[in-house]
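Sequences are here, hints too, so could you generate the full structure?
Which chain is which? The protein sequence lines are H and L, in order.
Its first residue numbered 1, the first sequence is counted upward by one per residue in our numbering.
Its first residue numbered 148, the second sequence is counted upward by one per residue in our numbering.
If you're looking for bench data, these hints aren't it; they were derived computationally from the structure.
Just so we're clear, the structure is a prediction, and the values are computed from it rather than from any experiment.
We treat Cβ as the ideally placed atom computed from N, Cα and C, and that holds for glycine.
A few of these clues could be false.
Pairwise CB distance ranges (calculated) [said to hold, decoys possible]:
1) L:256 x H:126: 39 to 45 Å
2) H:114 x L:214: 18 to 24 Å
3) H:123 x L:171: 24 to 30 Å
4) H:95 x L:257: 48 to 54 Å
5) H:36 x L:262: 53 to 59 Å
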Amino acid sequence: MPERIVLLKMGDYAFSLPFDHVDEILGADRAMPRNSVPEDVQTDSEDEGLWVSSRGRWLKVLDFLPEIARTRNSQILVITCGGSSRAFQVEQVVGIETVDPLRPFPEVAKPFCNLPFSGIRFLKDRMVLELDLSELISLDSGGAGGD
Amino acid sequence: MTERKFITFSAGGHNFAVPIKRIREVVTVPSVFTVPAGRKPLLGIIPYRGKEALPVFSLLNALGNPETREGDLIVVADFDGALAGFTVGELGGIITASGAEEEEESYQGDLEAPDGVITGVLREAGKEYIRIEIDRVFGFFD
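What follows is the structure in structure tokens.
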């Protein structure tokens, strides 16, 4: 059965996330330094990262692929899974597509990959890696209202 | 005397022999999709037979050689249903060796493979082949 995905670009790579778990896609200009976050939000005073407000919650902006530099046009994705939310900076949201079901990511390759993938698709001439939501959600949110 | 069949190929200036029972086929692939944050010996993934995602490894790299890409030929190995490909330079052929011949000569070369991966040297028609146990190369089933 076809599935709806949000398609992302990071450097030379294409990633996907299940559409139903993407709450918001925001412009990178919505990200703010910690000193802009209301005082009642728990933050790490040493933290120099960025934060974003989404539906009344403040979420620390995380990078799942830090080596890909943030660009002027980058975007922020807010995802929710199992009652928790996280915000991720991505280089570009390419689109929302309805595609064939996911194929499993090869088990034998997993020990050699440092990113969490739940599956893989080949769309036209490119490979799209589906990010594992539960692994992304388990990344440190910086103590703010992500849970 | 038992006889065993091996598929032979070259990579990085070495000749190798692998028991044929694990080999599904040899395919030519123009390019491999690299995996972000992937590490050696994984080279990437290719679509395989329209349905599966086949991980492709550098055999030489897995055998302790810094060289990572041997050629466009990919030997597809079947590990009890889990498929993996590894790149080789040139396909040799199929040879048959007796049990005695396999055990007589140990490998004395410069490849620093994990224990149990290189199990000896086979000779056939004046050529020397490094015999490898493909099951053990990537430690899938250790």
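Outcome of the hint check:
| no. | hint | in the structure |
| --- | --- | --- |
| 1 | L:256 x H:126: 39 to 45 Å | 40 Å, holds |
| 2 | H:114 x L:214: 18 to 24 Å | 23 Å, holds |
| 3 | H:123 x L:171: 24 to 30 Å | 26 Å, holds |
| 4 | H:95 x L:257: 48 to 54 Å | 50 Å, holds |
| 5 | H:36 x L:262: 53 to 59 Å | 57 Å, holds |
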